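Colleague: Take the given structure of chain V and dock chain X to it, following the hints.
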Amino acid sequence: MKRSEPLSESYYYILLCLAKGATHGYGIMQMTQKLSDGDVTIGSGTMYGATSNMMKKGWIREILSDEPGQERRRLYQLTDAGREALRAEITRLRRMLANAEEV
Amino acid sequence: MAKNTKTIWKMYSAWNYEKEIEDLNKLSEQGWQLVKGGLLHSKFKKESGVRFCYQLEYRDVEDMGRYIETFREQGWEYVNSTFNHWHYFRKAWDPALPEEAYEIFTDRESLREMSKGWIRVALIAIVLLAGFAVSRGIRMIDKPQLPTLVQLLALLLEIGLLLRGVLIMRNPDASRNRRHDSAVLTAILVVALFGAVAALPLTLLRPSFSTEQRASAVDEPIVDNRWVDFTVKYPDNYYLDLEMQAEKPMTFIIYNEAGETVYTRTESSFREEDIKLKLPVGTYSFSMSCETGFEIRCNLN
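One line per chain: the protein sequences are V and X, in this order.
Here our numbering is used: position 72 in the first sequence is 72, and no number is missing along the way.
Here our numbering is used: position 286 in the second sequence is 286, and no number is missing along the way.
One chain only, chain V, in its complex shape (with noise of 0.2 Å):
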């Protein structure tokens, strides 16, 4: 199997919070900072360029909110590929973490 690249830091959150539902990219910025602590924010440029990208790729797509009162706002949601992707890059941090505890 081919060994995937390791994720930037905004990929990465973009994924895991996708992993729990769907949301807008102002969704995404706010629920990053909250699990950083404040540490990691997505500025717009980061953001659309990573969503272009991870569209492209096919580990996420765009759909349009139903809900009341935001209809036609657009929303990001994760595909099999994305999750694929995400656990990839989990197990992957978890080996690395492992190995430091060996250390």
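Relax, there's no trap hidden among the hints.
Partner residues are not named here, just some residues of chain X that face chain V (Cβ under 8 Å, in silico): (1) 66; (2) 67; (3) 73; (4) 110.
Subject to a maximum C-alpha distance of 25 Å in a straight line, what follows is the list of computed BS3-like cross-link-like pairs (lysine-lysine): (5) V:34 / X:91; (6) X:19 / X:116; (7) X:116 / V:57; (8) X:233 / X:276; (9) X:91 / X:19; (10) X:116 / V:56; (11) V:20 / V:56.
To be clear, the hints were calculated from the coordinates, so they are not data collected in a lab.
Bear in mind that the values here come from a model prediction, so they are computed numbers and not experimental data.
Ideal Cβ positions, reconstructed from N, Cα and C, are used throughout, including at glycine.
Modeller: Here is chain X on its own, set in the frame of chain V:
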């Protein structure tokens, strides 16, 4: 009433875009708010009591709607985009907000991606310009003329500046520190940008025409008939195409204003293209002499 709009003509190189952001922020603080940003000039409106922080990024956006929405979600108001894919955004300045709130690239990867996008376009431009420069170079060897030389030099300057830009943009950290290109470089950049058309005024100043005369028979010999005058406004190589047909040899002469012969040819049948004439500034005239029926055609450029 004081003018409440103004246009500032100023050009920033791609690797200097943070300087442009700095300048926009400073102007905003002074009450001049950006209305429309551009490559060569930007428009501002006087609006005091508000202050914005600006951001600028290079991107070949595929989905403008999603792009603007992604920025709006974080409080960025879209201002405009230039034809060469630079996008301007602003956000009201709030001293309570942390500095990160005004960053749009929050990791090195995305900043590097922006540079890569610019470099890709710059490399395509370099290839196209190099192709054009080669064609001008070949023409210079074949038919050296001033407008061609000016075009060639401007193209080489453009290629050099773009290569320099590519080298700077390849290292995003360096571009962040290299904030001030000198005014001289900016001036060169502007000249080079218009390099391809810099030769236009020179081309317009050239004498460039075609003329012809003919007669099936003449009653009496034509002697030194000056039929066309033209002015050379700058010294250069000019090229003459000459075609003569007559029963008996006829003479074609180009005189300068002192009445000296610059070029002459006596033939009964003659045809040659691109006869090189090195002409100083001055007024010249075409003249012909002939005893019989004739036909003469000349082009000068």
